[in-house]
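Dock chain B against chain A, hints included.
Number of protein chains: 2
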Amino acid sequence: MHSAAAEQITDKRLLRGARTRQLVLRQAVDLASLEGLGGLSFGRLATDTGLSKAGIQTLFRTKEALQLATIEHARRLFVDSVVRPAQEQPEGAQRLRALVERWIDYAVAPLFAGGCFWNATLAEFDSVPGPVRDALLATKGAWLAALADQLQRAVTAGEVGARDADLVAFQIDAVLSAANTALRCGDPAAVDKIRRSVAHFLA
Amino acid sequence: MHSAAAEQITDKRLLRGARTRQLVLRQAVDLASLEGLGGLSFGRLATDTGLSKAGIQTLFRTKEALQLATIEHARRLFVDSVVRPAQEQPEGAQRLRALVERWIDYAVAPLFAGGCFWNATLAEFDSVPGPVRDALLATKGAWLAALADQLQRAVTAGEVGARDADLVAFQIDAVLSAANTALRCGDPAAVDKIRRSVAHFLA
Numbered sequence: 001m002h003s004a005a006a007e008q009i010t011d012k013r014l015l016r017g018a019r020t021r022q023l024v025l026r027q028a029v030d031l032a033s034l035e036g037l038g039g040l041s042f043g044r045l046a047t048d049t050g051l052s053k054a055g056i057q058t059l060f061r062t063k064e065a066l067q068l069a070t071i072e073h074a075r076r077l078f079v080d081s082v083v084r085p086a087q088e089q090p091e092g093a094q095r096l097r098a099l100v101e102r103w104i105d106y107a108v109a110p111l112f113a114g115g116c117f118w119n120a121t122l123a124e125f126d127s128v129p130g131p132v133r134d135a136l137l138a139t140k141g142a143w144l145a146a147l148a149d150q151l152q153r154a155v156t157a158g159e160v161g162a163r164d165a166d167l168v169a170f171q172i173d174a175v176l177s178a179a180n181t182a183l184r185c186g187d188p189a190a191v192d193k194i195r196r197s198v199a200h201f202l203a
Numbered sequence: 001m002h003s004a005a006a007e008q009i010t011d012k013r014l015l016r017g018a019r020t021r022q023l024v025l026r027q028a029v030d031l032a033s034l035e036g037l038g039g040l041s042f043g044r045l046a047t048d049t050g051l052s053k054a055g056i057q058t059l060f061r062t063k064e065a066l067q068l069a070t071i072e073h074a075r076r077l078f079v080d081s082v083v084r085p086a087q088e089q090p091e092g093a094q095r096l097r098a099l100v101e102r103w104i105d106y107a108v109a110p111l112f113a114g115g116c117f118w119n120a121t122l123a124e125f126d127s128v129p130g131p132v133r134d135a136l137l138a139t140k141g142a143w144l145a146a147l148a149d150q151l152q153r154a155v156t157a158g159e160v161g162a163r164d165a166d167l168v169a170f171q172i173d174a175v176l177s178a179a180n181t182a183l184r185c186g187d188p189a190a191v192d193k194i195r196r197s198v199a200h201f202l203a
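Chains as they are written, first to last, in this note's numbering: chain A, 1 to 203; chain B, 1 to 203.
Isolated chain A, as found in the complex (with noise of 0.2 Å):
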């Protein structure tokens, strides 16, 4: 065979690969927000996926990797959807306000089939020392920086009074999470909740 159809071989081996374990992934994450990490099982994602047992357990090797990469890919999934766009928004409580807007997106359409991702994935591994509470403590530690930092912003540029911002930022997260459970039980008013409390935090 000739060395540049061999690499081409390859190439749409690599690609296929990618492919599936993006496939694999979207529908893990749905999983994990519906029924925990602990619920994803190879099985369970060749049954839920149509793709074969070994397949998946090639592509990731163990149930650990398996949740960190779960993990990683809701991370970007996250931010895609309700970190990014927020950044066409000005720095401080117009970004702030912005984040705030498209988490309430998030939990209500929902991007994932369970509702928050963290809000599921959190409660069933905070007492669980290890690799993927790790992982779950550092992309919600990320989110909750994000919020601080721009609260910290809107403090600097006199848009709202002084205030500890790590503190309004983890009251803010804390009512979000809170909003999530409510929105799976069937409560609409959450979201009213959510932005009522928000301009409180912030007047």
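This list has only true hints and no planted wrong ones.
Note that identical chains are pooled: a pair holds if it fits in a single copy or bridges any two copies.
Cut-off 20 Å, straight-line C-alpha distance, at most; resulting in silico cross-link-like pairs (SDA-like, lysine to any residue): (1) Lys63 x Ala18; (2) Lys63 x Gly39; (3) Lys53 x Gly17; (4) Lys63 x Gly38; (5) Lys193 x Gln152; (6) Lys193 x Ala162; (7) Lys193 x Ala145; (8) Lys63 x Glu35; (9) Lys53 x Lys63; (10) Lys193 x Asp149; (11) Lys63 x Asp48; (12) Lys193 x Leu167; (13) Lys193 x Gly141; (14) Lys193 x Ile104; (15) Lys63 x Ser52; (16) Lys193 x Leu137; (17) Lys63 x Gly17; (18) Lys193 x Ala142; (19) Lys53 x Gly39.
It should be emphasised that the hints constitute simulated quantities derived from the structure, not laboratory data.
The following block gives chain B in isolation, referenced to the frame of chain A:
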């Protein structure tokens, strides 16, 4: 056999059944707080308590009945540990603060091995309509109503300014839930975040 002796044996059996039930449910509450209500199985509880699986199955019949009994047991222990002691305080702001302080003890001690029972189980069942979710929502709703009731009394008595008691109860509960997750993940600063948030919400 004389009737009195037969009654005595029946009483003893009932007493033994009731004690076994308490023993199983105490273990079930701890297990559910760590691994969710889905983690409850007759086999696992038999292993953990040293009782026979058949005996436990006879007491509870179905997994759903076991889950519902576990929720009711968690509710009773929560009321005994958090709600009832706070009733020693005068109604209004003092009792509200006492509820929060007792809740902190409940989460820090913790009363249940995996921390807040409702945090662990509502995230698991919020996308699963049915009797288990209904029972979780009813018990959670009673807690939110207790917070809102004391807050409304505080408003009526002029201890705090006018505000939407239901909204602030939602915010307080949201902060407690978020702090529970942080505590499980080894962040003791979460307690300070609760106290500062509640002070701010009541200011």
